[in-house]
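Enquirer: These are the residues of each chain, in order.
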Amino acid sequence: GAGVSQSPSNKVTEKGKDVELRCDPISGHTALYWYRQSLGQGLEFLIYFQGNSAPDKSGLPSDRFSAERTGGSVSTLTIQRTQQEDSAVYLCASSLKGGGGGANVLTFGAGSRLTVL
Amino acid sequence: AQSVSQHNHHVILSEAASLELGCNYSYGGTVNLFWYVQYPGQHLQLLLKYFSGDPLVKGIKGFEAEFIKSKFSFNLRKPSVQWSDTAEYFCAVTPGWTGANNLFFGTGTRLTVIP
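Top line first, the protein sequences correspond to chains A and B. Just so you know, the first sequence maps onto residues 1 to 117 in the working numbering. Just so you know, the second sequence maps onto residues 118 to 232 in the working numbering.
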């Protein structure tokens with residue numbers, strides 16, 4: 001697609017419920033990132049996918065968080081048994097290629113705003 | 118651990134004033150540096166980037182940033198701000214070596230420009 005597409009744009013859920021957030025990256029971008037943006041906290045890295053390599057999950061805050069990327073394209077971030085502190089904007093970004101060396105110019109989606117009541 | 122510091126949380130300026138937003142990072146090796154901007158209601162987008170070469174980089178909309186290696190800084194500047202520059206600005210750093218996955222962001226600086 002023309003940009004990074006995320007859905008839903010807004011999600012309100014009750015504490016304890018599971019949620020799934022979807023990201024459709026730019027076609028041809030092999031690298032996909034999930035970040036969490038909380039008020040006053042900046043952008044917190046969650047997980048990174050690069051091609052068929054094992055994902056870098058080092059930023060996931062707990063085992064309630066998981067993500068997958070099917071067919072090297074669409075990614076789903078799942079939060080199980082949501083807590084109020086999970087409330088944030090979840091941002092997805094993709095880039096043409098991953099790794100350092102100047103390749104990390106990210107294109108961001110609009111984000112999914114999650115509110116846990 | 119890598120960290121990025123943006124000490125100005127909220128900056129309020131009048132139109133035509135000069136802008137400088139601070140960014141400091143803690144990584145000691147080769148780095149790639151970025152400024153991203155988020156206008157109200159819009160996506161985060163790249164403002165400018167530094168990979169190597171001239172430490173003074175020019176970005177879109179008249180913004181520039183200077184990489185000072187000895188100070189671990191990458192401050193953002195604009196000589197004369199406009200109302201349309203009202204946005205949140207994020208500094209980001211990634212190690213320059215191949216294989217680094219992560220892009221570390223600062224907490225952001227909210228800029229309000231008063232007409």
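Careful, some of the hints might be misleading.
Claimed, not checked - With a cut-off of at most 25 Å between alpha-carbon atoms, the simulated PhoX-like pairs for lysine-lysine come out as follows:
| # | chain 1 | residue 1 | chain 2 | residue 2 |
| --- | --- | --- | --- | --- |
| 1 | B | K178 | B | K195 |
| 2 | B | K166 | B | K186 |
| 3 | A | K97 | B | K195 |
| 4 | B | K195 | B | K175 |
| 5 | A | K57 | A | K97 |
| 6 | B | K175 | A | K97 |
These are calculated hints, taken from the structure and not from any lab test.
Enquirer: Taking the hints in turn, state whether each one holds.
Expert: Comparing the hints with the structure gives:
no.	hint	in the structure
1	B/K178 / B/K195	holds (9 Å)
2	B/K166 / B/K186	holds (15 Å)
3	A/K97 / B/K195	violated (31 Å)
4	B/K195 / B/K175	holds (10 Å)
5	A/K57 / A/K97	holds (18 Å)
6	B/K175 / A/K97	holds (23 Å)
When held up to the earlier numbered hints, the structure conflicts with hint 3 and nothing else.
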